[in-house]
Amino acid sequence: MRAFESVHPAAAFAYFISVLLVAMFTAHPVLLCEALLGAVLFCAILSAKGFWKNMASYVPLFAIIALSNPLFSHNGVTMLFFLNGNPVTLEAVLYGADIAVMLIAVIYWFQCYSFVMTSDKFLYLFGKAIPKLSLVLSMALRFIPLFKAQLIRVNRAQKAMGLYSGKSFTDKLRSAGRVLLALITWSLENAVETGDSMRARGYGLHGRSHFALFRFTGRDGVLLGISAALTGLTLTGRALGGADFAFYPRITGISTAPLSLAVYLAFGALTLLPFIIETEESLKWTYFVSKI
Amino acid sequence: MNNKIKKLLRYSILLLAIPAVILPGVTVFKDRQYAFISLAVVLLACVPFFLSFERRKGNGKLLILIAVMAALSSLGRFVFAAVPGFKPVTALVVITAIYFGAEAGFMTGALSALVSNFYFGQGPWTPFQMFSWGLLGLIAGLLAGKLRGSRTLLLLYGVLAGAAYSLMMDTWSTLWMDGTFSLARYAAYVAASLPWMAIYAASNVVFLLIFGKAIGQILERLKYKYGIGEQLDERGADDCDRLQ
Chain A
1 MRAFESVHPA AAFAYFISVL LVAMFTAHPV LLCEALLGAV LFCAILSAKG
51 FWKNMASYVP LFAIIALSNP LFSHNGVTML FFLNGNPVTL EAVLYGADIA
101 VMLIAVIYWF QCYSFVMTSD KFLYLFGKAI PKLSLVLSMA LRFIPLFKAQ
151 LIRVNRAQKA MGLYSGKSFT DKLRSAGRVL LALITWSLEN AVETGDSMRA
201 RGYGLHGRSH FALFRFTGRD GVLLGISAAL TGLTLTGRAL GGADFAFYPR
251 ITGISTAPLS LAVYLAFGAL TLLPFIIETE ESLKWTYFVS KI
Chain B
1 MNNKIKKLLR YSILLLAIPA VILPGVTVFK DRQYAFISLA VVLLACVPFF
51 LSFERRKGNG KLLILIAVMA ALSSLGRFVF AAVPGFKPVT ALVVITAIYF
101 GAEAGFMTGA LSALVSNFYF GQGPWTPFQM FSWGLLGLIA GLLAGKLRGS
151 RTLLLLYGVL AGAAYSLMMD TWSTLWMDGT FSLARYAAYV AASLPWMAIY
201 AASNVVFLLI FGKAIGQILE RLKYKYGIGE QLDERGADDC DRLQ
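Protein chains in written order, with this note's numbering: chain A, 1 to 292; chain B, 1 to 244.
These aren't lab readings, by the way, just hints derived from the structure by calculation. Among these hints, one or two may not hold up.
In silico DSSO-like links for lysine-lysine, alpha-carbon gap of 30 Å or less [claimed, not checked]:
no.	chain 1	residue 1	chain 2	residue 2
1	A	Lys167	B	Lys223
2	B	Lys4	A	Lys148
3	B	Lys213	A	Lys159
4	A	Lys148	A	Lys159
5	A	Lys53	A	Lys148
6	A	Lys148	A	Lys172
With the Cβ distance kept under 7 Å, some of the chain B side facing chain A (calculated, not the full set) [stated by the list, open to error]:
no.	residue
7	Phe36
8	Ala188
9	Ala192
10	Ser193
11	Met197
12	Ile199
13	Tyr224
In this text, a Cβ means the ideal position worked out from N, Cα and C, and glycines have one as well.
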């Protein structure tokens, strides 16, 4: 259990939304690099395996996006060379790299999100506001592993009966189709029975309470306050022009005006927040262990 | 009367919300304004459907059916994960829409995208997929009478739906990459995704051809056996409401 996983769902959700709100909608290289750094550090702490798996698949993606952008975009004044009679510009290459950094940062943040904000937390947050939708969502999420297990069972049964043929493509498709139809019938009947059973136990009746382990503590309040303040600072700075950056026609330099520095600093602090919390926790842990 | 005013208010709030999103989008997110605005508008466009679904009375069993269909189409993405682009999602959404109406179609489409992306990776594309699949389900539901009557029309809808899905996702890619809508890039993306479009269309036709009738029979039988999605009489509706 990582420290950030024990944060109250409301604080964690607000944190992720704020970071994504800035990271998804900026093209400023400094902000994007901060977003990527924060996400990569956070993801590496949460799950080292997921981190490396992503690394392997996203570095090529990065290269493809960065290199393909000049093929579509011929804006920019610094020409590097001509490809099939079309100019390839430095600005277009750098813009491609910039967007690639953004996409990878956003993907990493979403990965951290799904690691921390498990569906029970999501349903805890929104169960009151959108009860029917969250019920459908939680049922669908539960059905997927259930149906998967049933799919394997049906498959085995059909194979044992000699009905499953894998000789030609059409045979395979027909066999898979038979399995899928059996699964659909089974799952629909099963689900209707689940519904009847839920009704019999009084699901959704007035006055029924739900059990949840989450408690909003002072620590969550502090986290919420800090992330709100840092996000507010970043967005205000952006609105005032503190994070303006243009690739076309010529790349503008990275501004070092006090306002811009404040924006970089605020967003940098925001993205590193989980990393700081986790590091602090693990330092505390080693300290306590060392005293035993 | 009171209800009507409330309803009117709800929709006018939505109408106001869209410009309200555009304003901060332009001032705060300057160079990425199109990405922000398109994402926000697509999300807001889903809201009325979700709200009216949330407020509808007597759809307890329909609720479960939508959950099942969304789970099945997500599972379909797994089963056919080895063949990229070849997925039964659109076909299942269309079939659900034909038998249970436009609203069920939209909900199944939108939730299929949301639920399956819990496994395939959430991202800024999720709202666009939700909206695209939802819209395809909605239109299929509106054309239900015709699509159910003629197999040719159903298959034609499958082809068009595959093409439309591809075009809608290309719009997303273009807006996302350029921060503006560049027609040249859109054309390039459409050209690059033509093979995908063909695969989408082909998979829709194959799945509708193989499963269309069979799943339809299953759904008809369920409708008859459990009374899902039927106009319920007063007592029946009350009964179902307790579920919610």
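Structure-based check of all given hints:
| no. | hint | in the structure |
| --- | --- | --- |
| 1 | A:Lys167 with B:Lys223 | 37 Å, violated |
| 2 | B:Lys4 with A:Lys148 | 45 Å, violated |
| 3 | B:Lys213 with A:Lys159 | 24 Å, holds |
| 4 | A:Lys148 with A:Lys159 | 17 Å, holds |
| 5 | A:Lys53 with A:Lys148 | 24 Å, holds |
| 6 | A:Lys148 with A:Lys172 | 19 Å, holds |
| 7 | Phe36 | 4 Å, holds |
| 8 | Ala188 | 5 Å, holds |
| 9 | Ala192 | 9 Å, violated |
| 10 | Ser193 | 13 Å, violated |
| 11 | Met197 | 19 Å, violated |
| 12 | Ile199 | 15 Å, violated |
| 13 | Tyr224 | 12 Å, violated |
Checked against the numbered hints above, the structure breaks hints 1, 2, 9, 10, 11, 12, 13 and satisfies the rest.
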